[in-house]
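Residue numbers (the numbering used here), protein chains in the order written: chain P, 1447 to 1862; chain V, 1447 to 1862.
Everything labelled a hint here was simulated from the structure, so no lab data went into it.
Even glycine gets a Cβ: it sits at the ideal position worked out from N, Cα and C.
One or more of the hints may lead you astray.
Stated by the list, open to error - Looking from chain P toward chain V, a few residues come up when the C-beta cut is under 8 Å (computed):
no. : residue
1   : 1526
2   : 1691
3   : 1776
4   : 1779
5   : 1799
6   : 1843
7   : 1844
8   : 1849
9   : 1854
10  : 1859
Stated by the list, open to error - From the derived model, a few chain V residues whose C-beta atoms are all more than 10 Å from chain P:
no. : residue
11  : 1454
12  : 1472
13  : 1487
14  : 1494
15  : 1538
16  : 1547
17  : 1610
18  : 1613
19  : 1632
20  : 1634
21  : 1766
Unchecked claim - Subject to a maximum C-alpha distance of 25 Å in a straight line, what follows is the list of computed SDA-like cross-link-like pairs (lysine to any residue):
no. : chain 1 : residue 1 : chain 2 : residue 2
22  : V       : 1755      : P       : 1817
23  : P       : 1809      : V       : 1641
24  : V       : 1755      : P       : 1592
25  : V       : 1774      : P       : 1829
26  : P       : 1809      : V       : 1561
Here's the letter readout for the chains.
Number of protein chains: 2
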Amino acid sequence: MWTALTLDTWLSRQQATLTDVSGAVQNIIDEVAGRGDEALFDLCERFDKIRLDHLRVSEDEIDEAYESVDPEIVEALTEAFSRIWTFHELQRQKDLWFSGTEDGITLGVKTTPLERIGMYVPGGRAAYPSTVLMCAVPAQVAGVSEIICCTPPPANPLTLVAADVAGVTDIYTVGGAQAIAAMALGTDTIRPVQKIVGPGNAYVTAAKMMLRGRVEIDFPAGPSEIAIIADHTARPDFVAADILAQSEHDPQAASVLITTDPGLPEQVGDWIERLVEEAPRHEIIRQALGQSGYLIVDTIADAIASSDKIAPEHLSIQVQDPLPVLQKVRNAGSIFVGQYAPVACGDYASGTNHVLPTAGNAKLYSGLNVSHFTKTSTVQIISREGIDAIGDVVERLATAEGLHAHAISSRIRREI
Amino acid sequence: MWTALTLDTWLSRQQATLTDVSGAVQNIIDEVAGRGDEALFDLCERFDKIRLDHLRVSEDEIDEAYESVDPEIVEALTEAFSRIWTFHELQRQKDLWFSGTEDGITLGVKTTPLERIGMYVPGGRAAYPSTVLMCAVPAQVAGVSEIICCTPPPANPLTLVAADVAGVTDIYTVGGAQAIAAMALGTDTIRPVQKIVGPGNAYVTAAKMMLRGRVEIDFPAGPSEIAIIADHTARPDFVAADILAQSEHDPQAASVLITTDPGLPEQVGDWIERLVEEAPRHEIIRQALGQSGYLIVDTIADAIASSDKIAPEHLSIQVQDPLPVLQKVRNAGSIFVGQYAPVACGDYASGTNHVLPTAGNAKLYSGLNVSHFTKTSTVQIISREGIDAIGDVVERLATAEGLHAHAISSRIRREI
Chain P
1447 MWTALTLDTW LSRQQATLTD VSGAVQNIID EVAGRGDEAL FDLCERFDKI RLDHLRVSED
1507 EIDEAYESVD PEIVEALTEA FSRIWTFHEL QRQKDLWFSG TEDGITLGVK TTPLERIGMY
1567 VPGGRAAYPS TVLMCAVPAQ VAGVSEIICC TPPPANPLTL VAADVAGVTD IYTVGGAQAI
1627 AAMALGTDTI RPVQKIVGPG NAYVTAAKMM LRGRVEIDFP AGPSEIAIIA DHTARPDFVA
1687 ADILAQSEHD PQAASVLITT DPGLPEQVGD WIERLVEEAP RHEIIRQALG QSGYLIVDTI
1747 ADAIASSDKI APEHLSIQVQ DPLPVLQKVR NAGSIFVGQY APVACGDYAS GTNHVLPTAG
1807 NAKLYSGLNV SHFTKTSTVQ IISREGIDAI GDVVERLATA EGLHAHAISS RIRREI
Chain V
1447 MWTALTLDTW LSRQQATLTD VSGAVQNIID EVAGRGDEAL FDLCERFDKI RLDHLRVSED
1507 EIDEAYESVD PEIVEALTEA FSRIWTFHEL QRQKDLWFSG TEDGITLGVK TTPLERIGMY
1567 VPGGRAAYPS TVLMCAVPAQ VAGVSEIICC TPPPANPLTL VAADVAGVTD IYTVGGAQAI
1627 AAMALGTDTI RPVQKIVGPG NAYVTAAKMM LRGRVEIDFP AGPSEIAIIA DHTARPDFVA
1687 ADILAQSEHD PQAASVLITT DPGLPEQVGD WIERLVEEAP RHEIIRQALG QSGYLIVDTI
1747 ADAIASSDKI APEHLSIQVQ DPLPVLQKVR NAGSIFVGQY APVACGDYAS GTNHVLPTAG
1807 NAKLYSGLNV SHFTKTSTVQ IISREGIDAI GDVVERLATA EGLHAHAISS RIRREI
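Throw the hints in and build the complete structure from the sequences for me.
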């Protein structure tokens, strides 16, 4: 159950083709495209075993949700919201910035928010109020004016409360690929959005990828992962607890311990056995441990090299001197530095975002952040002096490219 | 030829379905996937009417290209390179930044470059050395170590010189959808890249969209466009010159003048007639003028509202007081402020990027910039004090979500 891995084993598992659900998803997309809201009601009945009579969650339903949630949880959500907001606020770009003016030319960048975005919040095995915060806060900080949320029926009261805390505009009880299709294509009830963010199962991810010509997405999402770089100073009980936490997400979740200490894996294995008994989700954990394991390496540099090839969603650094490791790492969704930084902190309340690229995608994609909800326009303010300063270069290059009218549009301004 | 438009006419033209080339492109992708380099040689022969014996441009071929290019053009390219570099350098994010430490928690963002990217540089109607600079410079500034370029054979000497000036790693003479397939899937000669950027025709764009599960792209590209917001102070000759410059790109290019001055369109039309005669590409220009025209509006606010609905690739602001217009605009690829700022300046040498979203995509996408070539990892450094500060919130939310092992991974650290 807890065994040595090779890097190749991990990488080939990561690259394994996902279950092909594209046929089923295409049928769902076609149904939503053809019959709109009616298709959504029917698909909810088929997949969620509920016949709904409306899709949009009402104010009354949100009030009821508050009544059913422990006030201590509401307080915790509010505290988490505040910490997530503070960190994302630091990522915000200036609305408009300019270079110094030189030669009569001032250049700048103007940042503006998207107008309408959609988030998908899974239901099923667990409620994910934290995901609502992770998707809504960066959009709010960016200044997006309409933020909608789809989640499978029946909506979990925690999800509704989190959506209210986070200022979500509208919540719809629609799940799966049909939710993605509705937000991408629009129905009578759900107007289309510009971008869809948030995690989801294979159907949701397939729908996001297949509808990418109609809507933008954050990035493809797969099962959650952790890599832990540890040396002889790491505590086996902490490492084991982190591996169990990762494993309880999903039977397909995966953990890898990368260590310079050949004795550590056995100690961690013992702690895993001890802790797994108490874990309510131990069946899921045992399945996830099946694709988890450890790599023993010679040096910390080797550990970093292996981790960079894996490009883990979560990277935990539990070594004597973690900051030089942080400096050298290139590929990771979110990095947890030191033995007192379990991934659970970033999942809920440190302030960083937990919507992160998986399956090696951290080589290419950033985790969800404020810039997913903005776009930029470049700006140039050019005076008569400015066109004189660059007109000659513009005209030479335009002429070389055979674009004579481009050259004329510069020359006509310099000849007056 | 130069007529009044309605906003609806423009928007429906923008949204018109592109010619469906997906069948032809899928065949090309399949050929490259199946036969690699051999397919590339065959497709070059079929589409470019050249039987190549190698794909990678040699050092000798680059030296020869320098000999055939006017030194004044090399100098202009170098000057443009320098201005583009300076502006893109301003966009660069810090490699690693941290928030202030509070409660034992320090949060940060680490920015790292992609490793290997590809650019597509069109051949055909004209040479595009400027596009080489626009794609390569932001990648270089970001710190990308391998930047490859595909361009149809025979490679234009200007393109080769620009690639050398811009520090492109390898240049391959492969054009069209087959170039995109080669960079996405890899062949013996061309190793796959992480992201493909740059403009292209309908085949290139279709290939980029179709291969998006295998490679990331910048954004979909279509025919070039300009909107010009002008009042009674605008000079009709300048406006006409800008419209002609836009029109010479492509028979499908489009220009719209949005003006509060009902007399301006006729004057602009007269200047267009006068200037078009001298333009070597007048046939292309006349075709492009067929889908161009003007909107007369009551107020500058109305002009801004129309422009934001169009979300033009290029927005030129030629009014008495342009800065308040700049402040209010939300959707535009690149904004040219004042009557001495023709789009040609941004195409070549002001320093801004000319690879920009078209067809309304500026509502959602930014033009090419340094952040297209980087990704970020969030960081948290948490001390014992830190886990004490947020552990309670983490454990409450984890328990509420049913993720008990997450709660344990926090609690185990607080109980020692």
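Evaluation of the provided hints:
Given hint, residue 1526 (chain P) at the interface with chain V, holds; its Cβ is 6 Å from that chain's nearest Cβ, closer than 8 Å. Interface hint at residue 1691 (chain P): satisfied, since its Cβ lies 4 Å from the closest Cβ of chain V, which is below the 8 Å cut-off. For residue 1776 (chain P), the interface hint holds, the least distance from its beta-carbon to any beta-carbon of chain V being 5 Å, beneath 8 Å. Interface restraint check for residue 1779 (chain P): the shortest CB-CB distance to chain V comes to about 6 Å, inside 8 Å, so the restraint holds.
Proximity of residue 1799 (chain P) to chain V holds as hinted, the smallest CB-CB distance being about 6 Å (cut-off 8 Å). A distance limit of 8 Å between C-beta atoms decides the matter here; for residue 1843 (chain P) the minimum to chain V is near 5 Å, and the interface restraint holds. Because the closest C-beta pair between residue 1844 (chain P) and chain V is about 6 Å apart, less than 8 Å, the hint holds. Satisfaction of the interface hint for residue 1849 (chain P) is found here, the shortest Cβ-Cβ separation to chain V being roughly 6 Å, below the 8 Å cut-off.
Taken as an interface hint, residue 1854 (chain P) checks out: its beta carbon lies about 6 Å from the nearest beta carbon of chain V, inside 8 Å. At its closest, the beta carbon of residue 1859 (chain P) sits 5 Å from a beta carbon of chain V; the interface hint therefore holds under the 8 Å criterion. At roughly 19 Å from the closest C-beta of chain P, the C-beta of residue 1454 (chain V) stays outside 10 Å, upholding its exclusion from the interface. No beta-carbon of chain P is positioned within 10 Å of the beta-carbon of residue 1472 (chain V); the least distance is around 15 Å.
At roughly 28 Å from the closest C-beta of chain P, the C-beta of residue 1487 (chain V) stays outside 10 Å, upholding its exclusion from the interface. Every CB of chain P lies more than 10 Å from the CB of residue 1494 (chain V), the least distance being 19 Å, so the non-interface label holds. For residue 1538 (chain V), the condition that its CB be more than 10 Å from all CB atoms of chain P holds, with the nearest at approximately 12 Å. Taking the minimum C-beta to C-beta distance to chain P, about 12 Å, the non-interface status of residue 1547 (chain V) holds against the 10 Å cut.
For residue 1610 (chain V), the condition that its CB be more than 10 Å from all CB atoms of chain P holds, with the nearest at approximately 15 Å. Separation of residue 1613 (chain V) from chain P is adequate, the least Cβ-Cβ distance of about 18 Å exceeding the 10 Å criterion. No beta-carbon of chain P comes within 10 Å of the beta-carbon of residue 1632 (chain V); the shortest separation is about 14 Å. Against the 10 Å criterion, residue 1634 (chain V) stays outside the reach of chain P, whose nearest CB is about 21 Å from its own CB.
No Cβ of chain P comes within 10 Å of the Cβ of residue 1766 (chain V); the nearest lies about 15 Å off, and the non-interface call holds. Note on residue 1755 (chain V) and residue 1817 (chain P): the hinted pairing holds, with a Cα-Cα distance of about 22 Å set against a maximum of 25 Å. Our distance criterion of 25 Å between C-alpha atoms is met by residue 1809 (chain P) and residue 1641 (chain V), whose separation comes to about 11 Å. With a CA separation close to 17 Å, the supplied pair residue 1755 (chain V) and residue 1592 (chain P) stays within the 25 Å bound.
Restraint check: the Cα-Cα separation between residue 1774 (chain V) and residue 1829 (chain P) comes to about 21 Å, which is no more than 25 Å; the hinted pair holds. The hinted pair formed by residue 1809 (chain P) and residue 1561 (chain V) meets the criterion: a straight-line CA distance of about 8 Å does not exceed 25 Å.
Checked against the numbered hints given earlier, this structure breaks none of them.
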